[in-house]
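The task is simple: from the sequences and hints, build the whole structure.
For the protein sequence lines, the chains are A and B, in the order given. -1 is the number of the first residue of the first sequence in this note's numbering; add one for each residue after it. 2 is the number of the first residue of the second sequence in this note's numbering; add one for each residue after it.
Hints are computed from structural coordinates only; laboratory data are not their basis. Please note: incorrect hints may appear among the correct ones.
To be verified - DSBU-like cross-link-like pairs, simulated, lysine-lysine; straight-line CA separation at most 30 Å:
(1) B:Lys32 - A:Lys250
(2) A:Lys0 - A:Lys89
(3) A:Lys249 - A:Lys74
(4) B:Lys208 - B:Lys57
(5) A:Lys91 - A:Lys74
(6) B:Lys182 - A:Lys176
(7) A:Lys79 - A:Lys0
(8) B:Lys57 - A:Lys45
(9) A:Lys81 - B:Lys25
(10) B:Lys32 - A:Lys249
(11) A:Lys91 - A:Lys246
(12) B:Lys112 - B:Lys14
(13) B:Lys31 - A:Lys81
(14) A:Lys249 - A:Lys91
(15) A:Lys79 - A:Lys7
(16) A:Lys249 - A:Lys0
(17) B:Lys57 - A:Lys195
(18) A:Lys79 - B:Lys182
(19) B:Lys31 - A:Lys79
(20) B:Lys182 - A:Lys74
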Amino acid sequence: MKKYLTFAKYSFLEHLHNLNDNIGIFISFVIHLFVFNSLWSFVLQGKDIAGFTKENLMWYIILGEILTYSFHHYYKTISAKVKNSDIAYDKSKPYNFMLRLIFEGVGTFPKTVVLTIIGVVFGIITVGTISIGFLQFVCIFISLVIALLILLTINIVVGLSGIWLGDDVSSLWLIVSKFMLVFVFTPLDLFPKIVQKILMFFPTTQVIYSPSKLLVHFSYDLFFRTILPYQILALTIMIVVCYFVNMKGVKKLNAYGI
Amino acid sequence: MRTEFRKIISYAKYIGICLKYNIKSSFSNKKSFIIQTLTMFLNNFMFILFWMILFKQNNGNINGVNMNDILYLWSLPVISFGIALFLFGGVESLVYTIINGDLDLYLTLPKHSLISALTSHSRLSAMGDIIFGLLLGVFAVNFNIFQYIFLIIIAIIAGITTLCIFCIVRLLCFWLGDISKVSDTYSLSLFLTFTIYPESIFGGFGKFLMYTIVPAIYTTHFPIRIVKFLDIKLLAIVLFITLILLVFTFCLYNKGLKRYESGSSNIAR
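Structure representation (structure tokens):
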């Protein structure tokens, strides 16, 4: 366990050191929030939509955007390992490669913290505060952690798919990220009922929609009977997919003789 | 005058030849070309889906904005963006080309080095943008063939304006050094975001940005009004702005070139 924590520590320190490099990401994050604020102010004009007021929607979007920007392009780091054959070197070392990827991903946390601070400040300035009780906060935090783990496994799967896709891995990410982003633009509640039921099974839905919905429309019933079971299911699916991609990928690496 | 005209024709031919080779190179990996084109197409469609859902909730009209406005918004600017990056894909790596001293390669060519650097490669996914914009444009103009041709012509002009804006931001690297990340954020996040939403959603500050620092108004909203209402006055303004930006881009490049440090590269092309 100690060696994996060391990976997380070095990844954390590296991101802390290079925080200035992420200035473009922070600017982009604020721009998106500004545009969404303008868009929903224009669309709603004091009304609400599918039970979401302007305030609800803004906090929903802020949390959704924070999640979207977390592990920003981490899949690229992994696909670069595939491209320059570092993956073959890593796999020959006495540690579990998948766990290394997970802990290195966790090490990108400083960026998420900065995004959260920016997002909260933006939210308070534009729509005011949101009140959450302690137990509610714990439930939202659990949902958030599971969402981040799902997002991390999605990044790992997309990054490792570079073994088969090569440079086209960016195209795969474009589609996967759009399946997440669509829930930042549009809460699931706006979709037709039948589509909502199908989309709930998608891991991408559980990354953005579930924790964001919980933040603005919290109820214990929603958390325990809907969000938590679906998120656990999505995480399980992604872990299984990760395992198979890794297993099949190793064979492919041998075939290439890397 | 005749010499100038010949020069323009010669450059048009040169761009055509570069494009031909870029397309040939793109087709050497057909699978990649198809995947990137299709994914960009799907990516754009997701936004249309978002608006369709929103209009369904609001009985087809949101404070004066309707689906036709969105169709225009996702056809003309998308075509112009696609044209700029498919024909002049080198703009995306212009900062790296300059700061790494790779401009040497283009300085030795008989044509203008900026044009050579810009046409050095194409962005494959931009083809998905062009196809998507052209398809959506048919519905935006309601199958009116003359308006459709006009839309394409205006999109080409808007494409030149877009390219100039992307170039100007990147050419600042002559003075500021490695601004690749900031320039990418500007063009792919800031500029693009202001391009794909209706002008009316933005208030005072947003509008100020659109007319100044992020001049999406000249590449998107004015061109759309020109096609929709055949506004000749606006067309004159857009043409004037395009010309000014074009001249400014080349002036900035020539001025920046004096600060350029060679990479002592000996690559032949």
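Would the pair Lys182 (chain B) and Lys176 (chain A) pass a check requiring their Cα atoms to be no farther apart than 30 Å? 22 Å, holds
Would you mind confirming whether the straight-line C-alpha gap from Lys112 (chain B) to Lys14 (chain B) stays at or under 30 Å? 11 Å, holds
Run the distance test for Lys32 (chain B) versus Lys249 (chain A): straight-line Cα separation, threshold 30 Å. With a Cα-Cα distance of about 23 Å, the restraint between Lys32 (chain B) and Lys249 (chain A) holds, given a limit of 30 Å.
Tell me if the straight-line CA distance from Lys91 (chain A) to Lys74 (chain A) falls inside 30 Å. 22 Å, holds
Do the alpha carbons of Lys249 (chain A) and Lys0 (chain A) lie within 30 Å of each other, as the hint requires? 29 Å, holds
30 Å Cα cutoff - pair Lys32 (chain B), Lys250 (chain A): Measuring from Cα to Cα gives roughly 19 Å; hence the hint holds.
Could you grab the alpha-carbon distance between Lys81 (chain A) and Lys25 (chain B) and see if it respects the 30 Å cut-off? It holds: about 24 Å lies between the C-alpha atoms, which stays within 30 Å.
Hinted pair, alpha-carbon criterion (30 Å max): Lys79 (chain A), Lys7 (chain A). Please report holds or violated. 19 Å, holds
Please verify whether Lys182 (chain B) and Lys74 (chain A) have alpha carbons no more than 30 Å apart. Status holds; Cα separation ~15 Å.
Restraint status (C-alpha distance of Lys79 (chain A) to Lys0 (chain A) at most 30 Å): 23 Å, holds
Does the alpha-carbon distance linking Lys57 (chain B) and Lys45 (chain A) stay inside the 30 Å limit? 16 Å, holds
Proposed proximity, Lys79 (chain A) with Lys31 (chain B) (alpha carbon, max 30 Å): At roughly 25 Å apart (the allowed maximum being 30 Å), Lys79 (chain A) and Lys31 (chain B) satisfy the hint.
Hint violations for this structure: none, all hints satisfied.
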